[in-house]
Each structure stands twice: as C-alpha cells, then as structure tokens.
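If you use our numbering, the sequence shown corresponds to residues 14 to 234, in order.
No lab work stands behind these hints, which were simulated from the structure alone.
Mixed in with the good hints there might be a few duds.
Between beta-carbon pairs, the in silico distance windows are [claimed, not checked]:
id, residue 1, residue 2, range
1, A107, M14, 30 to 36 Å
2, A107, Y50, 20 to 26 Å
3, L164, E214, 28 to 34 Å
4, L221, E130, 33 to 39 Å
5, E181, R81, 37 to 43 Å
6, N75, N122, 14 to 20 Å
7, P48, L164, 17 to 23 Å
8, L221, D77, 41 to 47 Å
Beta carbons: idealized from backbone N, C-alpha and C, even for Gly.
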Amino acid sequence: MVLVKICGITNLEDALAATRAGADALGFNFYKRSPRYINPADARRIVEQLNDSVMTVGVFVNEDEPERVERITDEVGLKAVQLHGDESPEYCLALKDRFVIKALRVGGNFSPQNVKEFEADAILLDAFAGDVRGGTGRVVDWNVAREVSELVPKLFLAGGLSPENISEAIAAVKPFAIDACSSLESAPGRKDAERVRAFIEAARAAALNASMRVDFKYRLE
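Let the hints inform the model, and build the full structure from the sequences given.
Below, the structure is given as structure tokens:
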C-alpha cells in the first residue's frame with residue numbers, strides 16, 4: 014500500500030469526498046498567497062468533522078517563527094506539519110515535537126544529497142516553479158525521486174501527479190506516500206470528486222502491483 018494525501022482542501026464537501034474515496038491524509042494550506050489558502054478557523058471546522066484516523070496536515074511557507082506554526086497546528090487540531098518554503102534545518106528542529114514533512118523542490122541546483130541536511134520525519138519532493146509553492150502541475154524527475162527515497166525514511170512524492178500518471182510514478186519511485194492537488198481540481202481550491210476517486214483507485218492498484226507495504230503509523234518517535 015501507499016499513503017495517499019490530497020492537498021489543498023478548502024471545504025468540508027471536498028474533505029469528506031476524499032476520505033470516502035479512501036484518502037489517508039488531507040492537506041490544508043495556510044500560505045496566504047496560495048489560491049488554496051484556508052484560514053485556521055475554517056480548517057478547524059472541517060477537521061472536527063473528520064474521522065480521527067485521517068492524517069491532517071498543515072502546509073506552511075516561510076512563517077517567520079516556528080511558534081506560529083505550532084499555534085495554528087494546535088488551534089486547528091492538526092496531526093502533522095508540512096514546511097513548503099525555504100525553512101532551514103534549524104527551523105525544522107524547532108518543531109521536533111511535531112510530525113514534520115519538509116518539502117524540497119527538485120530543479121535548479123537540487124541534489125539528492127540535500128535531504129541529508131534535514132532531520133525531518135519525512136521529505137516531500139515537489140517540482141521547482143520559481144516563486145510558486147506547490148500546486149503547479151509540474152512533474153518531478155522520478156529518477157531523482159527514486160534516489161532520494163533510498164536516503165530518507167519516508168518520501169512523499171508530489172509534483173503533477175494525476176490519475177493518468179500515478180501508476181507509472183509509483184512503479185518508478187515506490188514512495189512512502191503520494192500527494193496530489195491541482196490535477197484533481199475543477200477549479201483552484203475545488204476538487205473534482207471523480208478525479209479524486211480515480212486517482213486513489215489507480216494508486217492502490219499500482220501499489221499492489223508493486224507489492225508495496227507501508228506502515229501508516231506516523232508516530233512522532
């Protein structure tokens with residue numbers, strides 16, 4: 014199996030549709046420049062309606078202080094933190110009591126060895142697209158991603174994943190988790206329930222074919 018994360022959730026309808034389709038994790042974007050931004054109060058109202066088994070993830074980009082990340086995480090009732098900006102290894106360590114997913118963008122001067130700088134619970138790979146942070150639809154180099162997967166305990170693969178290419182991506186990379194956003198939308202911030210369902214079904218089938226087994230316990234230890 015592979016853990017499936019649907020990111021950019023902005024409303025309860027999409028959240029419930031995703032979990033009914035089999036999503037293991039949902040991402041809530043607190044970056045105000047994102048078209049998928051959601052304010053903490055609205056995110057909390059959604060989280061309160063979800064089954065406790067759902068991994069709820071807060072996405073943050075270059076927040077000045079890690080204390081603000083912690084405060085929002087507690088206010089919303091999130092289970093994990095995704096740092097999707099230029100946060101330093103020291104910044105990540107300041108959140109060591111949380112389950113931290115550090116996002117790195119593949120492109121430019123990126124090297125798989127870069128991941129060794131971060132003591133995070135998981136590394137997420139996304140495609141480089143200038144100042145845009147996530148939701149670009151651009152695909153990561155899966156050969157690079159496979160190299161990274163051998164260097165980290167848990168790899169979240171993002172970057173242009175869709176119902177059309179997820180089978181190939183899983184076969185090539187064998188990640189711990191997959192993360193999709195823009196390819197599953199009818200409009201920015203609005204999910205297409207049928208594409209979400211198709212994505213998850215294709216991912217489950219591909220993981221089964223690859224004989225992948227994943228421990229979904231995202232413990233802090």
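Range agreement (Cβ of E214 with Cβ of L164, hint 28 to 34 Å): holds, 30 Å
Check the following: the C-beta atoms of P48 and L164 are separated by a distance inside 17 to 23 Å. With a Cβ separation near 32 Å, P48 and L164 fall outside 17 to 23 Å, so the hint is violated.
Verify the CB-CB distance for N75 and N122 against the hinted window 14 to 20 Å.
holds, 19 Å
Hint check for E130 and L221 - Cβ pair distance inside 33 to 39 Å:
About 34 Å separates the Cβ atoms of L221 and E130, which means 33 to 39 Å holds.
Holds or violated: the 37 to 43 Å window for the beta-carbon distance between E181 and R81?
Holds: the Cβ-Cβ distance is about 39 Å, inside 37 to 43 Å.
20 to 26 Å was suggested as the range; check whether the CB atoms of A107 and Y50 agree with it.
holds, 23 Å
| message | Given a hint of 30 to 36 Å, does the C-beta separation of A107 and M14 actually sit inside it? | response | holds, 32 Å
### Task
Hint says 41 to 47 Å; check whether the CB-CB distance for L221 and D77 agrees.
The hinted range 41 to 47 Å holds for L221 and D77, with Cβ atoms some 44 Å apart.
Checked against the numbered hints above, the structure violates only hint 7.
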